[in-house]
Amino acid sequence: MQNDASRTGPSMLLILACVIPILVVLVALPKFVDTYQIQLLTYGLIYAIAGLGFNLLLGYTGLLSFGHSAYFGLGAYSAAFMAKYFGVGSMEIYILGGLLITGLVSAAFGYICVRHTRIFFGILTLALSQVLWTLAYKFFWVTGGTDGLRVPFANLTLLGGLIDFKGRDTYQAFTQSYYYYVLFLFCICTVFMWVIVHSPFGKALQAIRDNETRAQFLGVRIRHYRWFAFLLSGSFTGLAGILWVPLNGLVTPDILYWPFSGEIVFMTVLGGFRTFTGPIVGAVVFNYLKVYAVASTAYWQLLLGVVLVVLVLALPTGIVGTLSRLFGKFRKR
Amino acid sequence: MNLLETINLKKYFGETHAVDNVSLTIAEREFVSLVGPNGAGKTTLVNVVSALFRSDSGKILFKGDDITHTSVTERVKAGIARSFQIVNLFDDLTAFDNVTLAIFSRQGKTGNPATLAHLDHEVSAEADAVLAQFNLTSKRKEHARDLAQGERKLLDVALAYALKPKLLFLDEPTSGVSTRDKGQIMDTIASVVRGEGITAVIIEHDMDVVFKYSDRIVVMQQGAILAQGTPDAIRNNDQVAMILLGTSGPDAFTRKD
Chain P
126 MQNDASRTGP SMLLILACVI PILVVLVALP KFVDTYQIQL LTYGLIYAIA
176 GLGFNLLLGY TGLLSFGHSA YFGLGAYSAA FMAKYFGVGS MEIYILGGLL
226 ITGLVSAAFG YICVRHTRIF FGILTLALSQ VLWTLAYKFF WVTGGTDGLR
276 VPFANLTLLG GLIDFKGRDT YQAFTQSYYY YVLFLFCICT VFMWVIVHSP
326 FGKALQAIRD NETRAQFLGV RIRHYRWFAF LLSGSFTGLA GILWVPLNGL
376 VTPDILYWPF SGEIVFMTVL GGFRTFTGPI VGAVVFNYLK VYAVASTAYW
426 QLLLGVVLVV LVLALPTGIV GTLSRLFGKF RKR
Chain W
18 MNLLETINLK KYFGETHAVD NVSLTIAERE FVSLVGPNGA GKTTLVNVVS
68 ALFRSDSGKI LFKGDDITHT SVTERVKAGI ARSFQIVNLF DDLTAFDNVT
118 LAIFSRQGKT GNPATLAHLD HEVSAEADAV LAQFNLTSKR KEHARDLAQG
168 ERKLLDVALA YALKPKLLFL DEPTSGVSTR DKGQIMDTIA SVVRGEGITA
218 VIIEHDMDVV FKYSDRIVVM QQGAILAQGT PDAIRNNDQV AMILLGTSGP
268 DAFTRKD
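As given, the protein sequences belong to chains P and W, one line each in that order.
Per my numbering, the first sequence runs over residues 126 to 458.
Per my numbering, the second sequence runs over residues 18 to 274.
Derived by calculation from the structure, the hints in this document are not laboratory data.
Take these hints with a grain of salt, some might be off.
Stated by the list, open to error - Which chain P residues face chain W? A few, computed with CB under 10 Å, are given here:
| hint | residue |
| --- | --- |
| 1 | Leu151 |
| 2 | Ala153 |
| 3 | Arg293 |
| 4 | Ser324 |
| 5 | Lys328 |
| 6 | Gln331 |
| 7 | Asn336 |
| 8 | His349 |
Stated by the list, open to error - For lysine to aspartate or glutamate, the following EDC-like pairs were computed, each having C-alpha atoms within a straight-line distance of at most 20 Å:
| hint | chain 1 | residue 1 | chain 2 | residue 2 |
| --- | --- | --- | --- | --- |
| 9 | W | Lys94 | P | Glu217 |
| 10 | W | Lys181 | W | Glu139 |
| 11 | P | Lys454 | W | Asp163 |
| 12 | W | Lys158 | W | Asp145 |
| 13 | P | Lys454 | W | Glu22 |
| 14 | W | Lys126 | P | Glu337 |
| 15 | W | Lys158 | P | Asp335 |
| 16 | W | Lys80 | W | Glu45 |
| 17 | W | Lys126 | W | Glu91 |
| 18 | W | Lys181 | W | Glu45 |
| 19 | W | Lys76 | W | Glu159 |
By construction, the Cβ of each residue, glycine as well, lies at the ideal position given by its N, Cα and C atoms.
I would like the entire structure built from these sequences, with the hints used as guidance.
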């Protein structure tokens, strides 16, 4: 019976066979590519953490948030405030403090938003994120307004002060160390999220997504669970925001503005929101796509728009969804 | 002892008196059929008792406790489960996951985000046992949406059953399936329900099914209870035959004309 039961779960062997080679490549990569590429990949991994968080709501709970810039931005601004007003340089303190703040705000915003679903939920998340954007924009004496706040990497320490970047020509060292730091946290987040979506709680979220009424008639407290999913989702995205700040060196209200929420949606749809790895692949690909689109044409938004239209029409299940379908067909033959 | 008691229960939709002053008692371990023409208020009555709808007035007592103002989840926890007239499943989950979810919920484990569901071997074994009881073992890895109508109907009942309820409402468990499958589905349901000593209230149109499986039949018309009694008493009730069949006489329910 136990063998039988384990067959319904994901095959650990298959997962490890896919994950280990990818990890080896990611770990070895800084030896082979230049600093710029490492930096791009670090951005990609950070967005992937945000995408994982976002997709807990979209893919697993069936709630489309148009306001996830709020939690990303909150994480980013929390770290920036700690750097500017409290002279904090420790990444670990940024993470703890930032998670506390994003957690509290997502709990409050989630409490309001999960009272509704569908478009009403989307509009509420959008409205609340715009409130934060306005605050960041208007309270310029605290937030720096459109100039934003600087978080120079030179003041940063990693692993409780073990690694710092004082002195000259440390940018390359920072990029490498920070890449591994982000990679490590990305792995932790991925495992964490994987456990969440395969836990009884994750199954309950999927049940709510598929059929709210029936879930209720199985005794699942729908609103309560949606709220908890919202809190987790916001916290993951907040962590991504915290990690993004030292890499970017600057935080401006743009990161709280609605187009960035749209980008998070875009990444997730690009990768495929009905798959676990979809948002990860989507985030990394989107990051490259955007960077190279911006570099190659002044009309980069147009280019991304075309990609989005083609995506929705031709690959509605995203990159990973399409690949796994093709792989499934291939296996059947 | 009465498991369920409704006292003067009312549910109106504007001018329509869907449930009109219904006082009904269901004894423990009874198998009761709720019959009546379309629009008689059978499903509305079940919807009110299972808290999908709020009653306008009246009382609902379950095991002697007043549950009139409790929520769906509170009634589920108290031991009331139901299946649905239009199959209501988690279509993107496998048959197995559908059932495990019900078991996790019953055990209060659905709030746990930190363990892997498929490693809970106790729950997996129970889910497999439930699937076997409903002859769905071969479908365990199939998505609910890919199952045949009869299998979906059984899975719908299996979900409610996996909650180990005291009182189980089955809303037309054989509607939309072939006559051949009907007997099989009802045999399966009856054996599980009777085997576990569950009190069942079933809404059904097929009078052959109703007469064969029920301890008691409750006939509803225009929101009110018209008659109730043993299958034999109802079979010989001319008024009931007239309402359900449009004809009467000593062999109205068996005549094939």
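Checked hints:
no.	hint	verdict
1	Leu151	violated (25 Å)
2	Ala153	violated (30 Å)
3	Arg293	violated (46 Å)
4	Ser324	holds (5 Å)
5	Lys328	holds (5 Å)
6	Gln331	holds (6 Å)
7	Asn336	holds (5 Å)
8	His349	holds (8 Å)
9	W:Lys94 - P:Glu217	violated (43 Å)
10	W:Lys181 - W:Glu139	holds (16 Å)
11	P:Lys454 - W:Asp163	holds (17 Å)
12	W:Lys158 - W:Asp145	holds (11 Å)
13	P:Lys454 - W:Glu22	violated (55 Å)
14	W:Lys126 - P:Glu337	holds (18 Å)
15	W:Lys158 - P:Asp335	holds (17 Å)
16	W:Lys80 - W:Glu45	holds (9 Å)
17	W:Lys126 - W:Glu91	holds (16 Å)
18	W:Lys181 - W:Glu45	holds (14 Å)
19	W:Lys76 - W:Glu159	violated (42 Å)
Of the hints listed earlier, those the structure fails to meet are numbers 1, 2, 3, 9, 13, 19, in rising order.
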